[in-house]
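S.K.: Position 19 (the sequence shown) corresponds to 19 in UniProt numbering; numbering is contiguous.
Treat the hints with care, as some may be off.
Keeping only pairs whose Cα atoms sit at most 35 Å apart, straight-line, the calculated DSBU-like set for lysine-lysine is [unchecked claim]:
| id | residue 1 | residue 2 |
| --- | --- | --- |
| 1 | Lys36 | Lys122 |
| 2 | Lys36 | Lys159 |
| 3 | Lys68 | Lys28 |
| 4 | Lys92 | Lys122 |
| 5 | Lys11 | Lys28 |
| 6 | Lys126 | Lys19 |
| 7 | Lys162 | Lys68 |
| 8 | Lys162 | Lys126 |
| 9 | Lys126 | Lys9 |
| 10 | Lys36 | Lys9 |
| 11 | Lys162 | Lys36 |
| 12 | Lys11 | Lys22 |
| 13 | Lys126 | Lys159 |
| 14 | Lys22 | Lys92 |
| 15 | Lys9 | Lys19 |
| 16 | Lys92 | Lys9 |
| 17 | Lys122 | Lys159 |
| 18 | Lys159 | Lys92 |
| 19 | Lys68 | Lys19 |
| 20 | Lys68 | Lys126 |
| 21 | Lys11 | Lys159 |
| 22 | Lys28 | Lys122 |
| 23 | Lys159 | Lys68 |
| 24 | Lys9 | Lys28 |
| 25 | Lys22 | Lys9 |
| 26 | Lys19 | Lys92 |
| 27 | Lys11 | Lys126 |
| 28 | Lys68 | Lys22 |
Ranges of calculated distance between the beta carbons of each label pair, as one might list FRET restraints [as the list claims (entries may be wrong)]:
| id | residue 1 | residue 2 | range |
| --- | --- | --- | --- |
| 29 | Met97 | Glu145 | 36 to 46 Å |
| 30 | Ser119 | Gly165 | 14 to 24 Å |
| 31 | His171 | Ala107 | 51 to 61 Å |
| 32 | Leu117 | Leu63 | 34 to 44 Å |
| 33 | Lys36 | Glu114 | 16 to 26 Å |
| 34 | Glu145 | Glu20 | 53 to 63 Å |
| 35 | Asp58 | Met137 | 15 to 25 Å |
| 36 | Phe53 | Met97 | 25 to 35 Å |
Since the hints were made in silico from the structure, they are not lab data.
From the three backbone atoms N, C-alpha and C, an ideal C-beta is built for every residue, glycine too.
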Amino acid sequence: MAHVGALPKIKRYVTAHNKEGKAIFSDKFDDESTMKPNDDGIAFALSYTTKGFPVSMDDDEDLQVYDKYLNSAPGLVVSGGTVLRHVDIPPKTACTMHRTVSLDYGAVIEGEVELLLDSGEKRIMKRGDVAIQRGTMHQWINNSETEWTRMLFVLQESKPLKVAGETFGEHLAGMAGVRSSD
Numbered sequence: 001m002a003h004v005g006a007l008p009k010i011k012r013y014v015t016a017h018n019k020e021g022k023a024i025f026s027d028k029f030d031d032e033s034t035m036k037p038n039d040d041g042i043a044f045a046l047s048y049t050t051k052g053f054p055v056s057m058d059d060d061e062d063l064q065v066y067d068k069y070l071n072s073a074p075g076l077v078v079s080g081g082t083v084l085r086h087v088d089i090p091p092k093t094a095c096t097m098h099r100t101v102s103l104d105y106g107a108v109i110e111g112e113v114e115l116l117l118d119s120g121e122k123r124i125m126k127r128g129d130v131a132i133q134r135g136t137m138h139q140w141i142n143n144s145e146t147e148w149t150r151m152l153f154v155l156q157e158s159k160p161l162k163v164a165g166e167t168f169g170e171h172l173a174g175m176a177g178v179r180s181s182d
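Using the sequences and the hints given, assemble the complete structure.
M.R.: Quick look at the structure:
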């Protein structure tokens, strides 16, 4: 189940300013997000990360934050920041049922995926569909026999969710290649 070439490379263009204040494309990072497969075959790319609200772009502070995380990858969520992540899911593959302490926007870019909730409810998401993931236990499943799925996620830290007097924290259940959030 080779990943190389299964889906197009992800081109990433980061803008900046020159000394005259004109918009340019930054040459600080190459223009490609690198997909890194985990033991289960699911591949992640850290396409951008911020820390702090509002984000400071003065003197390229945000680029420095991102560079730091490229050298030492964050957990799924960055405390007080955002994470832009691409995720490729191989055919016939499911991630572990999990919960993050975050508000996530997950959009299908290629293929389709099943979003399964711990209640048993599920939705089939196709290219262009988006899920607003609000701290629930969930699982992403690629049921295709042959086609990969690519998703784009934007994650923002949230307060721990409280439902019926119970507080829910992060639950990663040993997800391959994923560590707890910062």
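S.K.: For every hint, state whether the structure bears it out.
M.R.: For each hint, the structure was consulted:
1. Lys36 with Lys122: Distance ~28 Å between Lys36 and Lys122 Cα, so the pair holds.
2. Lys36 with Lys159: Cα-Cα ~29 Å, so holds.
3. Lys68 with Lys28: Holds, because 13 Å separates the two Cα atoms, which is no more than 35 Å.
4. Lys92 with Lys122: The given pair, whose Cα atoms are some 17 Å apart, holds under the 35 Å limit.
5. Lys11 with Lys28: 14 Å, holds
6. Lys126 with Lys19: Violated, because 43 Å separates the two Cα atoms, which is more than 35 Å.
7. Lys162 with Lys68: 32 Å, holds
8. Lys162 with Lys126: 31 Å, holds
9. Lys126 with Lys9: 20 Å, holds
10. Lys36 with Lys9: 12 Å, holds
11. Lys162 with Lys36: 34 Å, holds
12. Lys11 with Lys22: Holds: Lys11 and Lys22 sit about 22 Å apart, inside 35 Å.
13. Lys126 with Lys159: 30 Å, holds
14. Lys22 with Lys92: 47 Å, violated
15. Lys9 with Lys19: 31 Å, holds
16. Lys92 with Lys9: 21 Å, holds
17. Lys122 with Lys159: The given pair, whose Cα atoms are some 25 Å apart, holds under the 35 Å limit.
18. Lys159 with Lys92: Holds, because 34 Å separates the two Cα atoms, which is no more than 35 Å.
19. Lys68 with Lys19: Holds - the C-alpha atoms of Lys19 and Lys68 are around 24 Å apart, at most 35 Å.
20. Lys68 with Lys126: Holds - the C-alpha atoms of Lys126 and Lys68 are around 34 Å apart, at most 35 Å.
21. Lys11 with Lys159: 33 Å, holds
22. Lys28 with Lys122: It is violated: about 41 Å lies between the C-alpha atoms, which goes past 35 Å.
23. Lys159 with Lys68: 24 Å, holds
24. Lys9 with Lys28: Roughly 19 Å separates the two Cα atoms, so the pair holds.
25. Lys22 with Lys9: 29 Å, holds
26. Lys19 with Lys92: It is violated: about 50 Å lies between the C-alpha atoms, which goes past 35 Å.
27. Lys11 with Lys126: Within the cut-off at roughly 22 Å; holds.
28. Lys68 with Lys22: 26 Å, holds
29. Met97 with Glu145: 36 to 46 Å: At 22 Å between Cβs, range violated.
30. Ser119 with Gly165: 14 to 24 Å: 19 Å, holds
31. His171 with Ala107: 51 to 61 Å: 23 Å Cβ-Cβ, so the 51 to 61 Å window is violated.
32. Leu117 with Leu63: 34 to 44 Å: Given range 34 to 44 Å: holds, Cβ gap about 37 Å.
33. Lys36 with Glu114: 16 to 26 Å: For Glu114 against Lys36, whose Cβ atoms are near 24 Å apart, the range 16 to 26 Å holds.
34. Glu145 with Glu20: 53 to 63 Å: Holds - the Cβ-Cβ distance for Glu145 and Glu20, about 55 Å, lies within 53 to 63 Å.
35. Asp58 with Met137: 15 to 25 Å: Violated, since Asp58 and Met137 (Cβ atoms, about 39 Å apart) do not stay within the stated range.
36. Phe53 with Met97: 25 to 35 Å: 30 Å, holds
Checked against the numbered hints given earlier, this structure breaks hints 6, 14, 22, 26, 29, 31, 35; the rest are met.
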